[in-house]
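Peer 1: Chains as they are written, first to last, in the numbering used here: chain A, 8 to 551; chain B, 8 to 551.
Quick caveat, the hints were computed from the structure, so don't treat them as lab data.
If you're wondering where the values come from, they're calculated on a predicted model, not measured in any experiment.
Incorrect hints may appear among the rest.
For identical chains, the list gives no copy identity; a pair is met inside one copy or between any two copies.
[To be verified] With a straight-line cut-off of 27 Å between C-alpha atoms, the simulated DSS-like cross-links for lysine-lysine are:
(1) 200 to 40
(2) 200 to 242
(3) 139 to 178
(4) 548 to 302
There are 2 protein chains.
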Amino acid sequence: MRIALAQINATLGDFNYNKDKILNYIQSAKEKKAELVIFPEASLFGYHPFDLLEREALVDQQTKTLKDLVKKIPAGIFVLVGGFEKNKNKKGRPYYNVVFLCAKNKILKTFRKELLPTGDVFDEARFIEKGKLSENYFKIGSKKFFLTICEDIWAWENKKGESIYLENPLKKIKKQKVDLVINMSASPFFQGKLKQREYVVQKTAKHFKAPMVYVNLVGAQDEIIYDGQSFLVDKKGITRFSCLDFEEDLNVFDLDTLEDWNGRGAKNKILETEQLRKALVLGIKDFCGKTGLSKVHLGLSGGIDSAVVACLAVDALGPNNVKLFALPTKFNQKQSFDLAQTLAKNLKIDLQTISIQSVFENIKSVVDQEYKINEFSLVHENLQSRIRGLLMMAYSNKAGSLLLTTGNKSEYATGYATLYGDMCGGLAVIGDLTKKQVYQLAEHFNKEYELIPHEIITRPPSAELRPNQKDQDSLPEYDVLDQAVVDIVEDRKRAKSKIDKWLVDILMKTEFKRWQSAPVLKVSEHSFGRGRRYPVAHRSKECV
Amino acid sequence: MRIALAQINATLGDFNYNKDKILNYIQSAKEKKAELVIFPEASLFGYHPFDLLEREALVDQQTKTLKDLVKKIPAGIFVLVGGFEKNKNKKGRPYYNVVFLCAKNKILKTFRKELLPTGDVFDEARFIEKGKLSENYFKIGSKKFFLTICEDIWAWENKKGESIYLENPLKKIKKQKVDLVINMSASPFFQGKLKQREYVVQKTAKHFKAPMVYVNLVGAQDEIIYDGQSFLVDKKGITRFSCLDFEEDLNVFDLDTLEDWNGRGAKNKILETEQLRKALVLGIKDFCGKTGLSKVHLGLSGGIDSAVVACLAVDALGPNNVKLFALPTKFNQKQSFDLAQTLAKNLKIDLQTISIQSVFENIKSVVDQEYKINEFSLVHENLQSRIRGLLMMAYSNKAGSLLLTTGNKSEYATGYATLYGDMCGGLAVIGDLTKKQVYQLAEHFNKEYELIPHEIITRPPSAELRPNQKDQDSLPEYDVLDQAVVDIVEDRKRAKSKIDKWLVDILMKTEFKRWQSAPVLKVSEHSFGRGRRYPVAHRSKECV
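Bound conformation, chain A alone:
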């Protein structure tokens, strides 16, 4: 029996688009002689739905679309496709997260997810009722399968014997001999995530003493980037074959031999920085594609952050869809402008220059007079940043173009960003990257030739909002700060060092800025954005 893994990029809420894509992949799977094709979690509805599940009419549309879909499934192939199903009982939450086993003109069986994730970006307990994994065995011909959906396989203890779940539903159910265990997922990317997946898949395969396929969604949805990287393991949990990362992919294997993979074979060692680049490029591309925008723009300061965002944007959308601006005052060094111009030229984009000096002076004189200000201060630094934001948003209004915001995670963590100024924009592209990772990406872009002028990488970072300003006048050295950001924000460790304590304190004080931040493309285990929900009005003092 030949089985296909259809790693698709579904669009949230576009049921007809998803249906057509699913039908195309079914067709391709059939051409590769597959008798069963497996899609990712919720791929007919799209994922992560968030509170779209409040809108009952949308689930009705999906249900109707499913009926259309099964009518068009060709004979001779079984299909596993995910979506949501109404809970028709009076008790319990309104939906189940389900997989439909379909064939030509038929929905043969529905399987329900049992374990509902509620950590980080996940909110399944808001609208989803628990299913029972014990009902998820099924047969096709003489072959027996056991089906799980995403979180269902994540209750295994870690090496310290810990789990956030009291019980592992896989251990509770009666174990039956199966030919294949299936997991259909929408699992977000972060660096190191693949290892975690391999761990739980290996545990599950060994538990059932059966081979297992892990079929993951690909594509980005707001902040969340699904990386694909679906894979097949043998009954010892050893990876046999993998699908591509950050791209749609279709692969077929023979269930008896676990051979005949038609793709690129077992995964090669992939460069971490290249994965980061691919993730962010997909993040930009899908955010635009799925919101219906085709063009983006940003201010190019001559610094490293905007340089890297510009390169990512060009990778995602091509130079014709990226517009760059230089918005200098007299505080901006000539070198900054020259470097921005060289980069723009390298990217084959015109750099439109709008000096904001006279606008700044005009507003400054009003502000100084009205608010009785006699000396240069933070007020004036923020003014410059906000004038830039205002001009960039005017361009958004004029051109229907998405402003990309360029702050990095270390800046966001410390509040080293101006609310309604450089925080303006519809997508925070590198908001989950430490400064170090931004440099790594820059070096990566320069692997073959000097795309980003070398001086952009080597000069000391500066906001250039007053004479001779350097980031390190206000912030710790970035290598020290970056480590604290990883420890405190990503790993949620206790504050140990002096910098840790300083960071915890400033994190709490600057939460009001991040509350109003643009969506942040998530590439770490714990990023700013919807997966990190801190209060503003409180008086906790962790480090007193």
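Chain A is fixed; fit chain B onto it per the hints.
Peer 2: Relative to the frame of chain A, chain B by itself:
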């Protein structure tokens, strides 16, 4: 046996402040001859903690503070106080939401919450593990009690037999004869919420055939406003006595007679609009107090929204802590300015006037030239709004004052607000009020005399961003729009009317603005803000 209900306003994360307050209330309860004093849910830690629970050190601090607290409890009184407790097992989520039964020098018993809310603003399944209600019986002397925490009593079926919970934990446990059922809550206010509380409390009291006390938190935390209104019911569930709304309160009753209430007695019928006013005033006051800010400011346009926000701010903080600005262009009618000035005078506040006409013209000329714009458009409307935002934020920087934003729910729903313009600010005071409710509040403020000039209430609403603009050039009539907002956003109904369908469509299209909105004071069952989590990048079309 005399029992006290201590309805306190705890501050999230300020354990010493909360401890001192709790000790003061214990003292007062003792003076009123109470032998048991009951505080609200999590009142030692403060509530809603959101992801502060990531910071283990904070829970440790709370645990340490609890030890200090019990040392200072006087002899002869038992205390029920809420907080969080570490889950010391390797399995399960890291904390329990608990109540400690304490007496002088002793923590006698710990009770754990079983039902964990995950809807709307609640996220308890992120960090909290389930307890077992069956362990929550206890005795003091000859009296027997059963203790529940907030959501524990919310699994009762509604009149249609529906519940979002599969099982009611109260029905599962073995029923014992008790003298009193206790519920300790942190239950947010919205109009109509009290009726829901009375329903579940009545169900619970009848179930146990025992009187019941419901002790609720008071005070605001970011978007959420706890209204207090703690109450006592007899074994039939009939309300005997109530505590004050939106204020701290302490009341004592005799358990044998359910009499001897020292407070104001059974609740009076409270005006809905007056409750709305109290809620929002508390929202502003606590947001400032708990973030450490004492001053606020806003632009007064001569329209109804900013007028009402100014009145609320003065109620919350007094006229000396509220600063008002007029920021006209030539599009603003003279009447608007005059009305703003009259209102400011009535509120006993100077109105600082900053004409933004020349700044607007200066930026407009740059924008028109650089972006090749030949005619007046949305670009220029937004420019004006953003220049105002920029000036108001400069004042924030200068004076350490909180900018209040003045958009209402009907505007937010339709995206009739400028991102980084009039959406600037740290708190959206009336962001959960329909336009109708804004008018009701205005009339309410004018109950005794004409505080808000009558013309502000009667003139047609206008953003005054172009000549002769009226809101109804772009929006449906507010009474129609308001009803659609209630139906679609609050009640999450299916779209029926043409306006409903238009609203669902525009809601989806404008989500990117609300993603970046300031915290919205929640006074309805479903408000914009953290309790409503919609995606931006999707292509759902509910109404095609």
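Peer 1: Within, between, both or neither: how does the pair residue 548, residue 302 come out at a Cα-Cα threshold of 27 Å?
Peer 2: Intra 44 Å, inter 23 Å, cutoff 27 Å: inter-copy only.
Peer 1: Please work out whether the CA atoms of residue 139 and residue 178 approach to 27 Å or closer within one copy, between two copies, in both situations, or in neither?
Peer 2: both (13 Å within a copy, 22 Å between copies)
Peer 1: Under a CA distance limit of 27 Å, which applies to residue 200 and residue 242: within one copy, between copies, both, or neither?
Peer 2: within (21 Å within a copy, 54 Å between copies)
Peer 1: Is the C-alpha distance from residue 200 to residue 40 at most 27 Å within one copy, between copies, in both cases, or in neither?
Peer 2: For residue 200 and residue 40, the Cα distance exceeds 27 Å both inside one copy (32 Å) and across copies (59 Å).
Violation of the numbered hints given earlier is confined to hint 1; every other hint is satisfied by the structure.
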